Amino acid sequence: MTDPAFALVERAHSIVDDRKLSTVAHWKDNHLGGLAIGHMPIYVPRPLIEAIGCLPVALFGGGDAIDIIRGDSYFQSYICHIPRSTVELALSGDFDALDGVLFPSICDVIRNLGGMWRMLFPKAYTAYVDLPQNFDRDIGGKFYVLEMRRIARELQERGAQPLDPDALRECIALENERRAVIAELDALRRAEPWRVKASEAYLIVRAGGAMETKSHTLLLREFITAVQQRTVRPIDNVRVVLVGSFCEQPPFALIRALEKSGCDIVDDDFQLGMRMIDGPIEIAEGEDPLDALARAYLDKGQETASRYIGDLIKGASLVRRVKECNADGVIFAAASFCDPALLDQPMIEAALTKASVPHTSFKFAENLGQFSVIREQAGAFSDAVKLWGAAS
Amino acid sequence: MRCVLGIDLGSTTTKAVMIDESGRMLGKGITNSRSNYEVACAVARIEAHTAARFDMLERALSYDPSAKAWLVPLREAFRFELFLDDLVDLRATIATNLEGSPYADNKALARAVTSVLDSVQENAADLFVAGAPRRSDFFRDIAGALFVAEAESLARVGVVPFESLVGLYDRAILEVETRLRPRDTKSLLLRAVARSVKMPELDGTSAQQHQRMVQMLEHAVCEATKEQILEIAVVGTGYGRQTLPFPKEAVRSEILCHGRGAHRVFPGTRTVLDIGGQDTKAIQVDDHGVVTSFQMNDRCAAGCGRYLGYIADELGLGLHELGPLALSAKKAIKVNSTCTVFAGAELRERLSLGQRREDILAGLHRAIILRAMSLLARSGGVKTEFTFTGGVCNNAMATKVLRELVDENYGTDIQLNIHPDSIYMGALGAGLFALDALAGDIPPLPAFVRDTRMEAT
Amino acid sequence: MSEQVDSHDQKDKSQQTQKRMIGEHFDKLARAKEDGKKVVYTFVPGNVTELLGALDLLPVLPEINALQSGMRKRSAGYIAEAEKAGHSEDVCTYVKCDVGMQKSGNIGPTGTKLPDPDLLLLSYTGCFTFMKWFEILKQEYNCPVVMLHVPYQTEGNITPEMRDYVTSQLERNVIPALEKVAGKKLDRDALAHRMQLSAKAEEDLVAVWESAKHRPSPIDGYFGGVYYVGPIFSSFRGSEDAVTYYRELREEVEQRVREGRGPMTPDGEQKQEKYRLVVEGPPNWTSFHDFWRMFSKEGATVVSSTYTRVGGLYDTGFRHDYRRPIDSLADYCLGCYTNLGLPTRLDLLERYIKDYQADGFLVNSVKSCNSFSVGQLLMLRKLEERTGVPGGFIESDLVDPRYFGKANIENRIQSFLQVLEARRGKGPGDPLPKRSEGKRALTLIDDQKAGGLP
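Chains as they are written, first to last, in my numbering: chain U, 186 to 577; chain V, 74 to 530; chain G, 180 to 633.
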């Protein structure tokens, strides 16, 4: 029997592989005057962008498919890979459909990449999104609201619609809806990992990075419906949580390699931006929706390496997640030279060790071509976890 | 004759170029770099002198059009005479070392070494004929290959262990090649004349003709070695310039020298790419050949000649065989890492996956050139005319991929120059700096030039 | 930054003063616990030393400890220690050096144990890694942390929103946290007084920096410069000591100008000014003197550098202002060099190259510091385009000796200087005419400009 989800996964895969952003160009054809605004990974307030009539487009580097020449010429060997491919794609004209790019405050590399963008593409709209590291509503919240207003204002000067609270309310509602469907998909992955592979979920979620929220929600729903029609048999794999504060994405083949090595990835932070807000964005009675968007980030933003931990304990939320999804262990995969993720790693490992959660780690680059070592390592880890589980 | 000398001490080879006062290139010489840099420079210098003498010899014979044909065997004979002199030294060194060793009384070993060396001498003769397949002109390479082959066959019949024989060679060759012996070019040439007339290429000519030719050649040798070559200024460059055996004032950066040398040979050059053993350099020059900017690879040797060396070792191939093999590839497998440290492991893994050797090699070449392209972009891109130099430019696959990528990235109207003598660009540039010095402050001569009279004449 | 060059002229009063100041500070730290003094760890960029001083709190600067460990050849061991504890080879070596030092007993540069922090004051200014650094230290020391998030100056200007964000944090988070540790209220008059002292020292420091516009420059604005900025970047801004130090230093430098003397180097006075350079990026500390010699022995003087602006950019007019102390603290933090967007950094470098009449500029790209390094290759190209002055590029690291390839770096520096030499008098890239060496002109460059260059 043909897989009922096959066509959907293929569609998502083609969107993910669409480096030239043809779906974005298509959207612009159908939305005359609409701006397409790229953004670097992890988190930007997408409902805000959509509310002013723009299409937010998540940019995740070039993967393993492109030759890097000009990109490498700007970056020393000790810099991670995503800025190289991002510059390469832009200089090759692959981002021509974009009217601007947002650079959220992920790390110094992405921050400075924003500065380079100003120099390389002086005509494009370029903005640094300084996400607050102070989580007090009256301080960090106030600053963040002003940041968002600034971006909306600047985009309006370039042809976006003025920020209308009602439009923002509607976009927040759409975002909440998507968020709920993603949660549903996540729950399904945890309950029946043999029904939905992590690699499939990855494609379906990531495809939304270049889509309007409502279309993405539709895709997610169709996918969930389709996989529920699959006839499957439970497989007894090791359940792992895969974390890496992912900005640079691992090559797709790497995710597949981990699955093949006997690991069910029951939770991950590949596309953390899509799940950044823990639960719905709630707008209080009479509240400015922009305040609500800021408040959701302050109060319900998930832990990741680029967000200040405050008074919390590093790794505690991960240990909680491991318990919640009944995982057997954690695989920590950081992009090579990723300062935030790698500086977090010892703290997270310490927390996992303290909580007796087995864990292993490796580094990758988006253009990694060889997975045999990682596959072996993951295989050994899953064997060890099984033995460990049997012994305890 | 007054002239200047430029010397480029590289990580694998040392090159010298001799230029006369009018800027004409008189001769160029090359030798393998060795632990004693001073000897390496001195040998390269002597080789340049020899080349200059051959050049003069050619001119001395220019009145007779048939004489040109005689020069080919003469050159081979000359190299063979040099080889034999080196072999005498090697023989003596081995004997001395053996005497002082715990095996002094091991008669079997002594006999075996003598027999190996005799065979080396005998077999070498076949290598010094025109068109003979000689991988290298360096004594170390020729003698080493012959010695090892002979030692292997002796060891196979159980006379003495292979390791003992090769151990003797390894120790002695280090001494021999770091010992500088003066070269009497004239008498060597005369010996070569005597030998060359016996060479098989000359069979079929009558005894009378031989006699006449010998006289003519001997006369030409005397003519060509009459005038003394006097080096007025020497400039050195090369890898690890801190340790170069030159006075500080006589040292120029290899960046400047490569840029200037390439520009001299191809005056339209505005961009130079040099891929050597240890590093890759992208250089931009102005219309006078003066460097305007440059970029070098970072501290790791990824993407340099050395990387290809590792790959060749890993595959058990000669360096020169990589390019042709890669050219036979049906497709280039995508290789993203040019890390020298992981080269071997990655290669083995790909082979074990059943990927074809030539396809992997094609991918590796492409990866190396991609890195070079980044360095070029970093230095300011490729402008109108572009010259590729360094050891790797002799690799046909490397140049093919470079051409393709330059076309792709900078358009098809870029002139790409590759010169058969591109390995001498650095030494040529250094020589041009030495020529400049004649007009101003002449730097002190390096000790190995100052203290040695080149020729007994 | 606070260690003296041994061969510096020991008669220089300012050096004696600096030595005394540092000695006294570390003595105070060593006695802190018995004296009942509270200790605050914080960073150089965006430090609010006047606040700490006004509350009688003692600052410890882990960056300075790390660079000192580098200079004292301890960093390799400390880094190994941190890597053994699971830190990646890829990440910032200042952090690993500090973690390793802490794990090895936290012995400071003067050989005595540093007191544990009573508070970590996380001034997140211009460097993302600062945040990670103190998250790590928080776990090690289990002490309170207060965050001061300084927004990034993308556009090269401070908006009211940014200033308000920083002052709100200062008033509502930082000052209360400091008061709590200090056990007393902040005396605003004492703070204002300290700000006045800061401004005085800053005035003199700028005069010292700008002395390099003379020919020959009396100072090296990079290798020498890191000693000069030591006190104002670390624990002494806003103190009477700092005022004294910078007054003395300025007098000495002005004296050198009058005498037409060049800068001091590890090997005595530099006799020749063959090349005037502007340098972008931090120095390497593990081979600091070797690195310096690669320039000084070739007659290359660094007339201005951006690294000496990481702890405050005073030569664009900013001064601490006692009339608006909190606002000016915010402006200080916002204005530190690495908190500036790349286009602004580019403008500043261009200004330095022109104002200091540099023959060339050099980027020392350090592996540890993405904040500095990412974009430097583009800046290099843009600067060449804008100024016509040749740029050079070298790579090293702050305190990891594995990334200081001496032969490679020396090769590049010499090549670069030879390119400058070869380009003299050629094309638009030549800012300087040929000149006879050794002639000690006492004219200011600006005067020369006015009179027209020969």
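Hints listed in this document are in silico derivations from the structure and should not be mistaken for laboratory results.
Keep in mind it's a predicted model, so treat the numbers as computed, not measured.
Glycine residues also receive a C-beta, built at the ideal position from the N, C-alpha and C atoms.
One or more of the hints may lead you astray.
As the list claims (entries may be wrong) - So, partial list: chain G residues that the calculated Cβ filter (under 8 Å) puts toward chain U:
(1) Cys271
(2) Cys306
(3) Thr308
(4) Met310
(5) Ile315
(6) Gln318
(7) Met326
(8) Gly520
(9) Ser544
(10) Leu556
(11) Lys561
(12) Glu563
What the hints assert, rightly or not - Keeping only pairs whose Cα atoms sit at most 27 Å apart, straight-line, the calculated DSS-like set for lysine-lysine is:
(13) V:Lys321 x G:Lys450
(14) U:Lys308 x G:Lys561
(15) V:Lys259 x V:Lys321
(16) V:Lys456 x G:Lys450
(17) G:Lys252 x G:Lys198
(18) U:Lys205 x U:Lys399
(19) G:Lys212 x G:Lys263
(20) V:Lys321 x G:Lys476
(21) U:Lys445 x U:Lys399
(22) U:Lys499 x G:Lys263
(23) G:Lys292 x G:Lys282
(24) G:Lys216 x G:Lys198
(25) V:Lys473 x V:Lys407
(26) G:Lys263 x U:Lys548
(27) G:Lys359 x U:Lys327
(28) G:Lys282 x U:Lys548
(29) G:Lys212 x G:Lys198
(30) G:Lys192 x G:Lys561
(31) G:Lys561 x U:Lys539
(32) U:Lys548 x U:Lys571
(33) V:Lys321 x U:Lys548
(34) U:Lys485 x U:Lys399
(35) U:Lys499 x G:Lys282
(36) G:Lys364 x G:Lys212
(37) G:Lys198 x U:Lys539
(38) U:Lys499 x G:Lys476
(39) V:Lys407 x U:Lys205
(40) G:Lys216 x G:Lys364
Check your understanding: What hint numbers does the structure not satisfy?
Key -> Of the numbered hints, 12, 15, 16, 19, 21, 30, 31, 33, 37, 38 do not hold.
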